[in-house]
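Visitor: Each chain, written out:
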Amino acid sequence: MSQFLEISGLCARIDADGQEKQILRGVDLSIPSGEVHVIMGPNGSGKSTLSYVLAGREDYEVTAGTATFHGQDLLAMEPEERAAAGLFLAFQSPIELPGVNNANFLRTAVNAVRRARGQEELDAVAFLKMAREAAKALSMAPDMLKRNVNVGFSGGEKKRNEVLQMTLLQPTFAILDETDSGLDVDALRIVAEGVNRLRAPTFSALVITHHQKLLDYLVPDRIHVMARGRIILSGGPELARQIDQEGYTKFLAEVA
Amino acid sequence: MNALSKDMSGPLALFANRLNTLAGPERQAAAGALARTGLPDRKSEAWHYTALRALGKQDYAAPPAQVDDGAVRALLDEVLRAHPAMAGLPRVVFVNGRHAPAFSALPDDVDLAFFAQAPRFGLQAAPDRDPLVALNTALAEDGLYLRVPAGVDGGHVMLVSLGVAGAEPVSFHPRHTVVVEKEAHLRLICVQAGQGAYFHNPVTDIVVEDGARLEHVTVQTEAAQAISLGTLYAHVGHQSVYDSFVLGLGGQLARHEVHARLGATRGVVHVNGAQRLAGQQVGDITSVITHAASDCTSRQTVRNVLDGHARGVFQGKVLVERVAQKTDGYQMNQALLLSADAEIDAKPELEIYADDVRCSHGATVGALDDEQLFYLRSRGIPEHEARQILIDAFLDETIALVTDATAQTFCRAVLAARFAGKGDVA
Numbered sequence: 001m002s003q004f005l006e007i008s009g010l011c012a013r014i015d016a017d018g019q020e021k022q023i024l025r026g027v028d029l030s031i032p033s034g035e036v037h038v039i040m041g042p043n044g045s046g047k048s049t050l051s052y053v054l055a056g057r058e059d060y061e062v063t064a065g066t067a068t069f070h071g072q073d074l075l076a077m078e079p080e081e082r083a084a085a086g087l088f089l090a091f092q093s094p095i096e097l098p099g100v101n102n103a104n105f106l107r108t109a110v111n112a113v114r115r116a117r118g119q120e121e122l123d124a125v126a127f128l129k130m131a132r133e134a135a136k137a138l139s140m141a142p143d144m145l146k147r148n149v150n151v152g153f154s155g156g157e158k159k160r161n162e163v164l165q166m167t168l169l170q171p172t173f174a175i176l177d178e179t180d181s182g183l184d185v186d187a188l189r190i191v192a193e194g195v196n197r198l199r200a201p202t203f204s205a206l207v208i209t210h211h212q213k214l215l216d217y218l219v220p221d222r223i224h225v226m227a228r229g230r231i232i233l234s235g236g237p238e239l240a241r242q243i244d245q246e247g248y249t250k251f252l253a254e255v256a
Numbered sequence: 257m258n259a260l261s262k263d264m265s266g267p268l269a270l271f272a273n274r275l276n277t278l279a280g281p282e283r284q285a286a287a288g289a290l291a292r293t294g295l296p297d298r299k300s301e302a303w304h305y306t307a308l309r310a311l312g313k314q315d316y317a318a319p320p321a322q323v324d325d326g327a328v329r330a331l332l333d334e335v336l337r338a339h340p341a342m343a344g345l346p347r348v349v350f351v352n353g354r355h356a357p358a359f360s361a362l363p364d365d366v367d368l369a370f371f372a373q374a375p376r377f378g379l380q381a382a383p384d385r386d387p388l389v390a391l392n393t394a395l396a397e398d399g400l401y402l403r404v405p406a407g408v409d410g411g412h413v414m415l416v417s418l419g420v421a422g423a424e425p426v427s428f429h430p431r432h433t434v435v436v437e438k439e440a441h442l443r444l445i446c447v448q449a450g451q452g453a454y455f456h457n458p459v460t461d462i463v464v465e466d467g468a469r470l471e472h473v474t475v476q477t478e479a480a481q482a483i484s485l486g487t488l489y490a491h492v493g494h495q496s497v498y499d500s501f502v503l504g505l506g507g508q509l510a511r512h513e514v515h516a517r518l519g520a521t522r523g524v525v526h527v528n529g530a531q532r533l534a535g536q537q538v539g540d541i542t543s544v545i546t547h548a549a550s551d552c553t554s555r556q557t558v559r560n561v562l563d564g565h566a567r568g569v570f571q572g573k574v575l576v577e578r579v580a581q582k583t584d585g586y587q588m589n590q591a592l593l594l595s596a597d598a599e600i601d602a603k604p605e606l607e608i609y610a611d612d613v614r615c616s617h618g619a620t621v622g623a624l625d626d627e628q629l630f631y632l633r634s635r636g637i638p639e640h641e642a643r644q645i646l647i648d649a650f651l652d653e654t655i656a657l658v659t660d661a662t663a664q665t666f667c668r669a670v671l672a673a674r675f676a677g678k679g680d681v682a
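These protein sequences, in sequence, are chains P and H. Mapping the first sequence onto my numbering, position 191 (from 1) lands on 191, and the numbers just tick up by one. With the second sequence counted from 1, adding 256 to any position gets you my numbering.
To be clear, the hints were calculated from the coordinates, so they are not data collected in a lab. Mixed in with the good hints, there may be bad ones.
[What the hints assert, rightly or not] Okay, the calculated beta carbon distance ranges per label pair:
id, chain 1, residue 1, chain 2, residue 2, range
1, P, G152, H, A341, 28 to 36 Å
2, P, S33, H, E627, 26 to 34 Å
3, P, S139, H, A596, 53 to 61 Å
Quick caveat, the model's predicted, so the values are computed rather than measured. Ideal placement from N, C-alpha and C gives every residue a C-beta, glycine not left out.
Here chain H stands alone, though its shape is the one from the complex:
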């Protein structure tokens, strides 16, 4: 193991102490893969637009065993307060990557287990292909295993991930697994929030079995100093639906990376999202949707509102394998730039090997529409309010794609609480 340490240069060195004391074949293999590849830099195609320089120069320690319960309570209350229905939903709360039973209200109709007691790395996330998955595999301490038994409607479950850190940076790498068995149904609402300087690096392995349905909404409101790099793998079965949406608002650097695989016929995948960023924030929504069977449908609509010096990144690849005839794919990325210094980097990719498919994609970038602004103002609506109405409307058209009404209202409430009356130019 000590042989690894000399290879850990660059940002990887920030984790070297912890990577050199690993036990178990999966972790050691992951650390070995990391030592070979290092953490990605801009020469890596998948990370060309999103630099990990933000990780900084200070070592990332494991989170302390004790955290301030008052701080956790305050963060959780803020999440639950956004919408009256939230407090009544079953929830599993993680604090700094570790399950916090005192703050959880566990669901009844689903099967739960925790990685800390029974590590499960899942089948899809491959450390040798993705360094951030490798880092997670090496350093994962805990995570949720959630299984909805066949035919069961699991209702709503919230997975709340809170980071509580001080000035000394900590990192946590939870490893979650969600299995929705045949003909089962789950509405999963993931919330990420926190305070202080932390690096949140979750990996989530999702299986939606034949005829099952998972509605999955992620609301990312990480702390202003936080770095959040999440990777999610979803396997979608025959006639099953993985309907996902991410609302990206927080963090200094955040990436939501989704790999969805339509592995059997007539599956449906939605990878929708919205980001609203300002200041120096960087927000990255990256996805790879693989059509590996015929007659499947994928939909992706992502909208970005970028103010100040914020930068949005959209990378969306749709891969249609040779067997995936009658594929119906649609991808659209749109950005609204509210300032001259805001930026969007969009990289849509279609890679199609089947010959009987319908795939379309598009991208737009623009400022607020002068005619629309004038129309609103001519009706007596002050300029800052008119701007806010148009920004809200732009994002709301994607939030309207969220099929779970509770999650949809929650998204709107979080946005409203964060941005009420902030239509002014930054």
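Same shape as in the complex, but just chain P:
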């Protein structure tokens, strides 16, 4: 039985303006069930690419390596199958969907996932009750369910809407790609509490961040440093504090 999430030798590239650009150059990472892991690293090191590849974005071509989730070949699955299997990506820049009502979107997503998981679909009344409670716990204004998805939302509102989606879809593995960026201290705490509410022996998270602040609330199990498309260093929570104080330069120099 393999572990909860196993990434081995993962390489991926993107076709940018007709030029193929290698971004992931052999990522090895394993995350056991029930743990919160953190990826830190300088801009351009491949953190977001890793999150997109795991979620199934088609722009990236996987050229080598494997990723298994609950023993299943994650890379062979469609994005919606990955979501149904329990994977959730909180986008660094959540996408606006003009003309798509947020409540309808959330209900469609929740019921699609429930259907795929063999659970009964929720009717409008039951869904709205659940959504309103979850939104309230994230201190979201009630009208955010009535608005179009992310359209006209502030940066903080978009991030809360991501956490709301995560709460409703009940993933077993969440990737949070800089969900803390652009948040004030209060919003940061609310978002972190949203993640902490999901914490359970069956829930893991991979948190991409530049800041120690979020980790004060989330209390991670492992810290990984990513540079030039690879994990170059892993350690305990103290590693994040060290990076916060000293920056990446020292670590990059050590592996260079």
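Use these hints to put chain H onto chain P, whose structure you have.
Guide: The following block gives chain H in isolation, referenced to the frame of chain P:
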């Protein structure tokens, strides 16, 4: 009259038998104009993108006197079933261009008459300028005359035009007139539907008098083999509003042509629309909005969703005359192409002779957004459903412009009934 027959070449020949036996000065003048111009071909600028070749090679007969009531009932039921409120609305039903009293439920608060009893050609539609108006003028048998008296709220009226034809093509050319008098209000919902091979060529003459308001929604769900070429003239008075929307879904070839004239100050015109076409369909939304007085506003937002080999045409001209200072004009045409073979031909035109105006226009063409698709799929929504959500959203933003809530819900219901679960690539 017989002298005309030798001039009727091209598609016009398909109507020659009927055009040669006309009575009355208007009809004869129209036939004369047609004989001079013929029906438009691609050399005609206004018809460069929309060819009338689809009219085919078979003569168009006048519709038979008898039609199958069961077929009419089935078509009408389908229209009324789309939304629970529809069956309760007053309606005037035309079958093959003729009023069908047995299927109508006439409104009370408005003044009604029928062209068959009292022909009225209206004042705006000029046969010598537009061959399709000439064809209508020559061959019109019936049509609705609807007048909302001054100060009256006429509520809703549905004008339902049903075509019921077999394999032999028929054509009908109804001539409608709508007058909304001073300070009056009307919500007019026109529905076009049918079965078989027919050519529907309506001309509608609309006057919205000072301070009046007409909300006019057209839902075009003509039969798959049908050709539907409608021309509409609207005169908009001082401080009055002509707020129109067309939803184009049916027919093998359909054109909705609107000529709106802002003839007095502070008038408002909306000529909005949406088309969703697939297969070999051609759908054309053409408009000429003339600002002939100062301080008027015109708005036009048209969106097209085109799949298969479908082709959308948008021609939008905004003419601002010299006197029309402080004009506020906006025009936007957008197309979503769902397949590599779908096509949009867009021809926006601004012609401005006044010097103190605010006019803008734009056009976009694109495919479904990959990022939006991925976002939806990453939330567990299967691809075909995600596509459908984005297509619906694209069209829904124009349907949201329909101010009459009943008509808006009706448009949504018609779309949902037609396209539920069809987000897949054709």
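Visitor: Run through the hints listed earlier and report the numbers of any the structure violates, in increasing order.
Guide: Violated hint (a single one): 3; every other hint is consistent with the structure.
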